[in-house]
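S.K.: Read off the chains here:
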Amino acid sequence: MTEIIPILRIGETLLISLQGELDDATVLRIEEQLTREVARTCATGTLIDVSGLTIVDSFIARVLTRIAGMIRLLGSHAVIVGIQPAVAITLVELGVPMGHLNTALNAEQGMALLRRLRDDGDRSD
Amino acid sequence: MTAAPVGEPDPRVRLRELETLLEAFAGHALFRLDLDGRVAGWTPMAERLLGYRADEALGRPVAFLYTEEDRAARSPASDLAAARESGRTEVEGWRVRKDGSRFMANMVFAPIRGERGEVTGLAVAVRDVTGRLHAEAMFRGLLETAPDGVVIVGPDGRIRIVNRQAEALFGYEREELIGKPIEVLIPERFRDRHDAYRRDYARAPRIRPMGIGLELYGRRRDGSEFPVEISLGPLETDQGTLVTAVIRDVTEHREQEQRLQRQRDEIMELSTPVIQVWDKVLALPIIGTLDSLRAARLTEGLLQKIADDQAEIIILDISGVPTIDTQVAQHLLKTVQAATLMGAESILSGVRPETAQAMVHLGIDFGRLRSRSTLRDALRLALRILADRAGAAQAATGMLRGEQGR
Amino acid sequence: MATDLTDAEAIVLGIADESDMIHVRQAIRQVAQRAGLGLVDQTKIITAGSELARNILVHATGSRGTVRVERVRERGRQGVRVTFLDKGPGIPDVERALADGYSTTRSLGLGLPGARRLSDEMTITSAAGTGTTVVIVKWTR
Numbered sequence: 001m002t003e004i005i006p007i008l009r010i011g012e013t014l015l016i017s018l019q020g021e022l023d024d025a026t027v028l029r030i031e032e033q034l035t036r037e038v039a040r041t042c043a044t045g046t047l048i049d050v051s052g053l054t055i056v057d058s059f060i061a062r063v064l065t066r067i068a069g070m071i072r073l074l075g076s077h078a079v080i081v082g083i084q085p086a087v088a089i090t091l092v093e094l095g096v097p098m099g100h101l102n103t104a105l106n107a108e109q110g111m112a113l114l115r116r117l118r119d120d121g122d123r124s125d
Numbered sequence: 001m002t003a004a005p006v007g008e009p010d011p012r013v014r015l016r017e018l019e020t021l022l023e024a025f026a027g028h029a030l031f032r033l034d035l036d037g038r039v040a041g042w043t044p045m046a047e048r049l050l051g052y053r054a055d056e057a058l059g060r061p062v063a064f065l066y067t068e069e070d071r072a073a074r075s076p077a078s079d080l081a082a083a084r085e086s087g088r089t090e091v092e093g094w095r096v097r098k099d100g101s102r103f104m105a106n107m108v109f110a111p112i113r114g115e116r117g118e119v120t121g122l123a124v125a126v127r128d129v130t131g132r133l134h135a136e137a138m139f140r141g142l143l144e145t146a147p148d149g150v151v152i153v154g155p156d157g158r159i160r161i162v163n164r165q166a167e168a169l170f171g172y173e174r175e176e177l178i179g180k181p182i183e184v185l186i187p188e189r190f191r192d193r194h195d196a197y198r199r200d201y202a203r204a205p206r207i208r209p210m211g212i213g214l215e216l217y218g219r220r221r222d223g224s225e226f227p228v229e230i231s232l233g234p235l236e237t238d239q240g241t242l243v244t245a246v247i248r249d250v251t252e253h254r255e256q257e258q259r260l261q262r263q264r265d266e267i268m269e270l271s272t273p274v275i276q277v278w279d280k281v282l283a284l285p286i287i288g289t290l291d292s293l294r295a296a297r298l299t300e301g302l303l304q305k306i307a308d309d310q311a312e313i314i315i316l317d318i319s320g321v322p323t324i325d326t327q328v329a330q331h332l333l334k335t336v337q338a339a340t341l342m343g344a345e346s347i348l349s350g351v352r353p354e355t356a357q358a359m360v361h362l363g364i365d366f367g368r369l370r371s372r373s374t375l376r377d378a379l380r381l382a383l384r385i386l387a388d389r390a391g392a393a394q395a396a397t398g399m400l401r402g403e404q405g406r
Numbered sequence: 001m002a003t004d005l006t007d008a009e010a011i012v013l014g015i016a017d018e019s020d021m022i023h024v025r026q027a028i029r030q031v032a033q034r035a036g037l038g039l040v041d042q043t044k045i046i047t048a049g050s051e052l053a054r055n056i057l058v059h060a061t062g063s064r065g066t067v068r069v070e071r072v073r074e075r076g077r078q079g080v081r082v083t084f085l086d087k088g089p090g091i092p093d094v095e096r097a098l099a100d101g102y103s104t105t106r107s108l109g110l111g112l113p114g115a116r117r118l119s120d121e122m123t124i125t126s127a128a129g130t131g132t133t134v135v136i137v138k139w140t141r
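Chains as they are written, first to last, in my numbering: chain A, 1 to 125; chain B, 1 to 406; chain C, 1 to 141.
Okay, chain A solo, but in the shape it has when bound (with noise of 0.2 Å):
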C-alpha cells in the first residue's frame, strides 16, 4: 500500500507529521501505518507532531489515543507534540478523556520525553 504521509526514521525513533485537513478516512489510513511500521522497524519511540492540525475532534482524539495504546502495547512510546493552545483549550473543553497520552510542545522536547521514557522503562525494569 502506498504511503500515504511520509513517516521519518531518527535513529531509534519514529517521527510522522499530520497536516491540514484529514477527513476520517486518512486518519484511520494513517493509524494502520503507522502501527505497521512500528512493528516492523521496532522503534523504541514515536513522535506523532500534530502542530500542523488546527482542529482535533473528538474523533481524531480518540484516534490518537487508540494509537498510542497500540504503539504502548508493541513495546514502544508515543508521544504527540505540537498541541496548539486552541487546541488544547477545545480539547478539554470538548471533555474528550485524554489523560494518559504522553505530550511535549515540540520535537526538542518530546525527543528528550522518550529518552526520559525509555530510561524509566530501563530501570524499572
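Calculated from the structure, these hints are not laboratory results.
All values reported here derive from a predicted model rather than from experimental measurement.
C-beta atoms are modelled at their ideal positions from N, C-alpha and C, and glycine is treated no differently.
Zero decoy hints are in this set.
Residues from chain A that keep clear of chain B, each with C-beta distances beyond 10 Å, as calculated:
(1) I10
(2) L15
(3) E21
(4) A25
(5) V27
(6) E32
(7) R36
(8) T41
(9) C42
(10) G52
(11) L53
(12) R66
(13) R72
(14) L74
Just the calculated beta-carbon pair ranges, DEER-fashion:
(15) A:E31 x B:Q276: 32 to 42 Å
(16) A:E31 x C:S63: 21 to 31 Å
(17) B:P234 x A:A25: 54 to 64 Å
Chain A stretches covered by chain B per the calculated footprint, using a threshold of three residues with CB under 8 Å from any CB of chain B:
(18) 90 to 97
(19) 104 to 111
Dock chains B and C against the given chain A, drawing on the hints supplied.
M.R.: What follows is chains B and C alone, placed relative to chain A:
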C-alpha cells in the same frame, strides 16, 4: 337673448347653479372665456381670489392674470391653444392679482361645448396652491440642510429625491440617480434580498431603523463600499406612499468600536500577566475572582506564552484568590489539563491548608498535580524537575559517549 | 436566544458522506473568520460543528442532514450561527442526552454536551420520530 321655453329651466341660471356647486365643492374659483380668450363670465369666488370685480374683468383677454414674464413668453396664448386642441388642460404658474400680489395658481381649462358638440368657450378653474409650494420649499430646505444623506423612493422602488449629502456620500450628481432603482446604491450581493425587504416594508411602513441586526453597506459610484446606518420613514403624498431613507456613513463609528474593543482586550491582558520566572518556567499569579470570561483569557494567555517561550513548567499561584469554589476549581483544572496537553507540567502554589481541604471537599480530581504553599517553594520544585531532566539527558549522552569510548 | 437577523451570505451544505465533514468545517471557519472571531473561538465552534455533523452521519436516518452556516449580529457584536437539521429518529429525552456520558452506541456519546460547552448558545428541537434541529452560536467577545 332668447327666452327659455316655458317650463324649461333657463340655461344661464342652470350654468350659474352648476358653477356655484363646483366652486363650493372643489375650492376652485371659476370663470369663463370666449373663443378669443377673453373673459366672458365671472364669479364671486373669482373676484375673491383675484381681486377684480366682474365689470373689471369681463371682456379682458385672460393674459391680464399672467405675470409680465409669462406674457413676454406668450404663455397665455400657448395655454389657450393647448386647451382648444387637447381638451382639458392643467397648468401651474404664477399669476397676479389686482393688487399686484403674486400667487402660485393651478389652472384647469375645460372646453364648453354647444348642442352640436362645437366648442363655444372655455371654462377655467383656478386654485391657489402657494401654500403647497411653501411646504415644498420648506421640505426641500430641510432636505438640503440635513447633515445626513436623504434618499426618497417611490412605491415602484425608484429614486425620486436625493439631497446634497446623499450626492456627496455616494459620489453621484442627483440627476444620475433620479428615476433609477434604489438598488444601484446597494452592493450587488445584497440586491436580491433588498427587493423582498422593500416589499415587506411597504406592507407595514413605519419609522424605524433599517435592517436591525444586519450589517448594511452602501455602494458608491466608483464601486467602493462603506458601512451605513439607515432610518426609514413613510411619506404620504398624493402620488402614493413614498419611503424616506436617512443614511449615515458609520465607517468612523465602526472603527471606533473596534479600537475600543482592542483597548478593552489590552486592559484585560495587563491585569493578568504571565511571568517568566526562569528559563522554561512560567508563573501565573491569579488575583481576585475568576469569572468565565477572565478565566478563558487567562488560560489562553498562558497557553500562548507556553508556546512562545517553550516553557516546560507552569506555576499557578492562587494565593490571591479569596475563595476556591467549584467554578474556580474547574477553571484551574481545565487550565492544567490544557497545559498538560501542550507538554507542560503544572505546579499549584499559594495553597493554604484550608484551600487544600476545600479542594478535596469539592471532590475535584487534580490528578498528579503537585502543590506548594509558596511561590518560592513551587519555583524550587520546578528547578529541581528541570535539573532532573537535564541530568537524565546528560546521563544518556554520557552513556553513549562511554560506550563509544570503549 | 437573543440573536437577530442575518446577512445575505448563508452557506448551506448537505451532510451525506463523511467527506462532507471537511466542507462543513471549512464553511464554519470561513464565516467565523468573517465575523471576526479570534482563533480560539473559531477552533471551538468549528470543532463543535464537527461533532454535530458527525452525529448526523452516525445517528440520523439515512445518515443525511443539512447544515446552514451564517453570520449574525447583535448590539455591538457579531457571531456565527450553525444550524443542523436531520430527519433522524429524534432525541426523545434531550435533557438526558445533554448529560455527559449518555450514549446509544459504542461511541463516546452523542457529542452534544461537548458541543454545548464549546458554544455560547445551543438550542435543540427534537422529538422521537420527527428529526432534530440543533442550533449553535458563537459570538465575538
